[in-house]
Structure formats: C-alpha cells, structure tokens
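2 protein chains.
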Amino acid sequence: MQQYFIKGPAQSPVTVEDKDTLKHMFSVLRLLEGDQVLLVFDDGIKRLARVLDREAHQFELLEELDDWLELPLQVTIASGFPKGDKLEFISQKATELGAHKIWAFPADWSVVKWDRKKLLKKADKLSKIALGAAEQSKRNLIPEIELFEQKTDFLSRLGDFDCVLVAYEESAKAGETKSLVQRVQQLEAGQKVLFIFGPEGGLSPAEIETFENLGAQTVGLGPRILRTETAPLYALSAISVLKELLVSDKA
Amino acid sequence: MQQYFIKGPAQSPVTVEDKDTLKHMFSVLRLLEGDQVLLVFDDGIKRLARVLDREAHQFELLEELDDWLELPLQVTIASGFPKGDKLEFISQKATELGAHKIWAFPADWSVVKWDRKKLLKKADKLSKIALGAAEQSKRNLIPEIELFEQKTDFLSRLGDFDCVLVAYEESAKAGETKSLVQRVQQLEAGQKVLFIFGPEGGLSPAEIETFENLGAQTVGLGPRILRTETAPLYALSAISVLKELLVSDKA
Numbered sequence: 005m006q007q008y009f010i011k012g013p014a015q016s017p018v019t020v021e022d023k024d025t026l027k028h029m030f031s032v033l034r035l036l037e038g039d040q041v042l043l044v045f046d047d048g049i050k051r052l053a054r055v056l057d058r059e060a061h062q063f064e065l066l067e068e069l070d071d072w073l074e075l076p077l078q079v080t081i082a083s084g085f086p087k088g089d090k091l092e093f094i095s096q097k098a099t100e101l102g103a104h105k106i107w108a109f110p111a112d113w114s115v116v117k118w119d120r121k122k123l124l125k126k127a128d129k130l131s132k133i134a135l136g137a138a139e140q141s142k143r144n145l146i147p148e149i150e151l152f153e154q155k156t157d158f159l160s161r162l163g164d165f166d167c168v169l170v171a172y173e174e175s176a177k178a179g180e181t182k183s184l185v186q187r188v189q190q191l192e193a194g195q196k197v198l199f200i201f202g203p204e205g206g207l208s209p210a211e212i213e214t215f216e217n218l219g220a221q222t223v224g225l226g227p228r229i230l231r232t233e234t235a236p237l238y239a240l241s242a243i244s245v246l247k248e249l250l251v252s253d254k255a
Numbered sequence: 005m006q007q008y009f010i011k012g013p014a015q016s017p018v019t020v021e022d023k024d025t026l027k028h029m030f031s032v033l034r035l036l037e038g039d040q041v042l043l044v045f046d047d048g049i050k051r052l053a054r055v056l057d058r059e060a061h062q063f064e065l066l067e068e069l070d071d072w073l074e075l076p077l078q079v080t081i082a083s084g085f086p087k088g089d090k091l092e093f094i095s096q097k098a099t100e101l102g103a104h105k106i107w108a109f110p111a112d113w114s115v116v117k118w119d120r121k122k123l124l125k126k127a128d129k130l131s132k133i134a135l136g137a138a139e140q141s142k143r144n145l146i147p148e149i150e151l152f153e154q155k156t157d158f159l160s161r162l163g164d165f166d167c168v169l170v171a172y173e174e175s176a177k178a179g180e181t182k183s184l185v186q187r188v189q190q191l192e193a194g195q196k197v198l199f200i201f202g203p204e205g206g207l208s209p210a211e212i213e214t215f216e217n218l219g220a221q222t223v224g225l226g227p228r229i230l231r232t233e234t235a236p237l238y239a240l241s242a243i244s245v246l247k248e249l250l251v252s253d254k255a
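Heads up: the sequence lines are chains A and B, in that order. Under the numbering used here, think of the first position of the first sequence as 5, with each following residue one higher. Under the numbering used here, think of the first position of the second sequence as 5, with each following residue one higher.
Don't take each hint at face value.
Distance condition first, Cα-Cα at most 30 Å in a straight line; then the derived DSS-like pairs of lysine-lysine [stated by the list, open to error]:
hint, chain 1, residue 1, chain 2, residue 2
1, A, Lys-90, B, Lys-27
2, B, Lys-105, B, Lys-155
3, A, Lys-87, B, Lys-126
4, A, Lys-177, A, Lys-121
5, B, Lys-155, A, Lys-90
6, B, Lys-196, A, Lys-177
7, B, Lys-11, A, Lys-177
8, B, Lys-87, A, Lys-129
9, B, Lys-23, A, Lys-87
10, B, Lys-182, A, Lys-182
11, B, Lys-90, A, Lys-87
12, A, Lys-27, B, Lys-196
13, B, Lys-87, B, Lys-155
14, B, Lys-126, B, Lys-177
15, B, Lys-129, A, Lys-87
16, B, Lys-182, B, Lys-126
17, A, Lys-129, A, Lys-142
18, B, Lys-182, A, Lys-27
19, A, Lys-142, B, Lys-87
20, B, Lys-87, B, Lys-132
21, A, Lys-105, B, Lys-182
22, A, Lys-182, B, Lys-105
23, B, Lys-23, A, Lys-105
24, B, Lys-177, A, Lys-196
25, A, Lys-122, A, Lys-132
26, A, Lys-182, B, Lys-126
27, A, Lys-196, B, Lys-23
28, B, Lys-90, A, Lys-142
29, B, Lys-105, B, Lys-122
30, A, Lys-11, A, Lys-182
What the hints contain is simulated information worked out from the structure, not anything from laboratory work.
The following block holds chain A by itself, in its conformation from the complex:
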C-alpha cells in the first residue's frame, strides 16, 4: 500500500497540505473517497487512513500499524563531497538501507567546491530524494540531510555520537577485517553511530589523524576496494546483517 510522510503530529481527520504529496495522491494514484493509504506523521508510526473528502484533501485515520523498520542503531553517513551526482545516489541508496541521517562535508581531497548557495540547493534536492526513497522502502522516518560548508562545523559534531567509524581503504588493503564487526557488536539498540567516508581520492592522512584524535576508529569494509559511493552501502548492509539478521528471534 502506498505510504506518505505527513509533517506534524498525528490527528484525525487530517488535511494534507504538501503539494507534491497531493499531486501524487490525486493525480498519479487518483485516490477516490474511501481509498486507503498509509500516513506517517512525525512520530514515525504508520497509520492506515482513508480518503474522507478528495476535494478538501481530508483523510480519516483508521488504525496504527506496529511495523517498525528502522535499523536498531541510529547510523549517520558522512561522505566527503564526491563528484557529480554521487550524493544523489548515496542519498537514495543509504535511505533504502536504513541510514538515520545523511551528511556530507568538504574533505581535503574533495575535487568539487560547493558554496553556500549550491549547498542549499543540493540539500533541498537530496531531501526530496530521501523522502521518495523512504516512502518506497517503507521507512518510518525520513533521513535528515545536512551538508556542511565548513569542515570545522562537521568536526564539532563528532562528539554527539556513541561511536565514530571511518571507512579506510588502507585497512582493507592491510587485510583488516575484524574492527567493524567488533565495534558494531558492542553497540546497543538506540546508540548513535557516525560512519565517515572519503571522497574519490580517499581521506588524507591528516584527516584520519584528526578523526582519530576525536575518538574515531578506522575500519575495513572487506578486502575489495569500494568506490566512494559504494562503501556506505556496504557499511549499512553490514550493520543490518549484524544487528537485524544475526540477533533476531523473530523468524
């Protein structure tokens, strides 16, 4: 069933205001009175709703569903600004794979230089991509997008996390394979993880040192060398395997 995110607290009846959402509901899906959809408000709970009045864009909430598909850890992905539209790609795929937030920062070896205006425009585009991917993958939350103009602002936020991991190509090359598993297995449900990825050229030795001085740990992502836009997908999949598949008693 089609799912839509609606800003604000849950209320019934609710009038949908967002233009893109309305367009999809009534022009693409062509909802009629009585048709049902899932509405997800700020609390992340999915609620079955039906169209009360299609002219007034009004829905009645019918019942709360109990499915919660969020990763047990709150994982923030932070990519050094990559070239072209790779952040668009990362935003879509990281959302599908359960990222809690998606950040990017100007890394030493980032080739692109994005000013404030460009970053605002880009963040707006990425937010829309994350919204679409969150609806499609049936997430309870839409990942927040934050693009840092200054690396110092990014660095000042590392202390907000229970664990900071840095994907490091040299770890992969050195055959380092245990750190990721060990650190992730130590974390408990609800804890916050920041996972940092370099741009195409990787992270500079100075950056690695800065991150380590701020408490971060470098980890390998298996033996193969992954592109900058592929590494976050491996990392999120790995966290899902370790925290959702290996620990579950559901099935």
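Assemble the complex: chain A is given as a structure, and chain B must be docked to it using the hints.
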C-alpha cells in the same frame, strides 16, 4: 598501482594487444619504459610487471603477488530484466562487491522486452563495465556476464549451483530474518551460490513456485523494502560480512 586484466596465460615478456587497455596504459597513464603496473592473466594471480618496450607494448613480469580478494563463495547474481540502465548499475556495483558472475533473465513481470540483438549489445556493454569495475576494485577475476533470452535456458542452469537463493519481498514483509544467515553459514569455501532477484514489480508467485520446485529457497534481506538494483548489493555485502569479516583470523 594500476591493474589491468590481460587475456591468456601468464608469460614473460608479454605483448599487450587489447586496444582499450593500450589506450589507457599509454595515452591516459602515459606509461614509460620501466614503469610498473599489475597484470592479471586468466589464472587470476596478480603479477607486478614493468614496461620493457612502449612502442612494442611489451612488458616483463617481475613477481607474483599473493593477494586474493575474491569472495570465498562463488556468487552468481541473476536479476529479472530491470528497466533502463539498472543492469549497468548492478554490473558495476556487484563487481565491486565481489560477484563471480552476473546474469539477467526475462522475468514474468519484467517490463522491458529485449531481443537477441539488443541482448548481445547490452552484454557487451555490461562486460566492459564489469572489466572496469574489476580493475578499480582490485579483483582477481572479471565477472562473466550472461543475459538469457529465454527463461527456460536460465532455469536449466539452476542445477549447476550448490545453493539457490531467491530474494523475496514477502519474506522481508513477514519479518523473516534468519534464512539468509543460516544458508550462507552452512556453505563452504568454493561453493557456488545463485542469488535470484526480481525486476521492479518483483517475482511472480508462479516464478517463486518454479524456483522452489527446482530447489531454491526464498530469503529476506532485512526488514526494509529494497529496490531491484539495491537488493543484490545488500546480498553481496551480507555474504562478505558472513564469510569474510565474521570468520577471519587475519587481523
């Protein structure tokens, strides 16, 4: 160091013949006599080589390296024909993530209809993408691409594998989380796995039944609904975590 795949058995000196490879070596990288690269012949062993004669495109092999970055399981990805250029995307990313072979087949709910001519052209394009991704990710092997015109030909190959897994959205929705881990953990190094993925609309119930009758098992890929092009990346990452990170004593 730059890596190139060279067809044929290892020999020294070796004359490189492939035009695209030569162009990259001498026009892009501008190799000079004495410069070193990695050459990988049909046996998958990486060999350090140096330019003997740049006019004659001749290299001398110096030594064998012992790094072997292939997944311990031989994983073949088989996607129901997806729309647009998603197979290009899957070929690049699945190669980075260690796929042994990349297949695609006309699934019941595939929207695209590709005839023999189109499939030959597409396979050629995908092979080039896989080659580039294999070099970039430092693979020992280039995944073979095979696009099936007839589903029956695809089905007749299921018996070649030690294990056939089917990514099934309904498994994810039902909260099924253990089958993937259980099946992958049972497999031993060198065994062959076929991992089947549906197109955008998913696999039809009839297809699922056919696969199951041929010995396949449906598995979930975590609780979130993944797009057709994202599911193979999760699956390969999961196999890497289970077979490379969790079992290793290297680090």
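Do the hints match the structure? See the list:
For the given pair, Lys-90/A sits about 27 Å from Lys-27/B by alpha-carbon distance, which is consistent with the 30 Å threshold. Pair hint Lys-105/B plus Lys-155/B holds up; C-alpha atoms about 17 Å apart against a cutoff of 30 Å. Taking the CA atoms of Lys-87/A and Lys-126/B, the gap is about 26 Å. The hint holds against a cut of 30 Å. A hinted pair counts as satisfied when its Cα atoms are at most 30 Å apart, and Lys-177/A with Lys-121/A does not qualify at roughly 38 Å.
Distance hint between Lys-155/B and Lys-90/A is unfulfilled; the C-alpha atoms sit about 34 Å from each other, more than 30 Å. The suggested pairing of Lys-196/B with Lys-177/A holds, with an alpha-carbon distance near 26 Å, which does not exceed 30 Å. Distance hint between Lys-11/B and Lys-177/A is fulfilled; the C-alpha atoms sit about 25 Å from each other, no more than 30 Å. At most 30 Å may separate the alpha-carbon atoms for a hinted pair to count; Lys-87/B and Lys-129/A meet this at roughly 23 Å.
A distance of roughly 28 Å separates the Cα atoms of Lys-23/B and Lys-87/A; the hinted pair therefore holds under the 30 Å criterion. As the CA atoms of Lys-182/B and Lys-182/A are separated by approximately 22 Å, the hinted pair is consistent with the 30 Å bound. A hinted pair counts as satisfied when its Cα atoms are at most 30 Å apart, and Lys-90/B with Lys-87/A qualifies at roughly 20 Å. Of the pairs offered as hints, the one joining Lys-27/A and Lys-196/B is violated, with about 47 Å between alpha carbons and a cut-off of 30 Å exceeded.
At most 30 Å may separate the alpha-carbon atoms for a hinted pair to count; Lys-87/B and Lys-155/B meet this at roughly 17 Å. Of the supplied pair hints, the one linking Lys-126/B and Lys-177/B is violated, its CA atoms being roughly 33 Å apart against a limit of 30 Å. Between Lys-129/B and Lys-87/A, the direct Cα distance comes to roughly 23 Å. Compliance with the 30 Å bound is thereby established for this hinted pair. Between Lys-182/B and Lys-126/B the alpha-carbon distance is near 36 Å, which puts this suggested pair outside the 30 Å criterion.
Our distance criterion of 30 Å between C-alpha atoms is met by Lys-129/A and Lys-142/A, whose separation comes to about 20 Å. Annotation: proposed proximity of Lys-182/B to Lys-27/A is violated, straight-line Cα distance about 40 Å (limit 30 Å). Our distance criterion of 30 Å between C-alpha atoms is met by Lys-142/A and Lys-87/B, whose separation comes to about 21 Å. With a CA separation close to 19 Å, the supplied pair Lys-87/B and Lys-132/B stays within the 30 Å bound.
In summary, the hint linking Lys-105/A to Lys-182/B is supported, as the alpha carbons are separated by about 27 Å, within the 30 Å threshold. Our distance criterion of 30 Å between C-alpha atoms is met by Lys-182/A and Lys-105/B, whose separation comes to about 27 Å. Annotation: proposed proximity of Lys-23/B to Lys-105/A is violated, straight-line Cα distance about 45 Å (limit 30 Å). Proximity of Lys-177/B to Lys-196/A is assessed by CA-CA distance (about 26 Å); at most 30 Å being required, the pair is judged to hold.
Between the alpha carbons of Lys-122/A and Lys-132/A the distance comes to roughly 16 Å, so the proposed pair stays at or under 30 Å and holds. For the suggested pair Lys-182/A and Lys-126/B, the alpha carbons sit about 39 Å apart, so the restraint of at most 30 Å is broken. Restraint check for Lys-196/A and Lys-23/B: the C-alpha separation of about 50 Å exceeds 30 Å, so the hint is violated. A distance of roughly 21 Å separates the Cα atoms of Lys-90/B and Lys-142/A; the hinted pair therefore holds under the 30 Å criterion.
Between the alpha carbons of Lys-105/B and Lys-122/B the distance comes to roughly 20 Å, so the proposed pair stays at or under 30 Å and holds. Proposed proximity of Lys-11/A and Lys-182/A is contradicted: the alpha carbons are some 41 Å apart, above 30 Å.
Violated hints for the displayed structure, listed by number in ascending order: 4, 5, 12, 14, 16, 18, 23, 26, 27 and 30.
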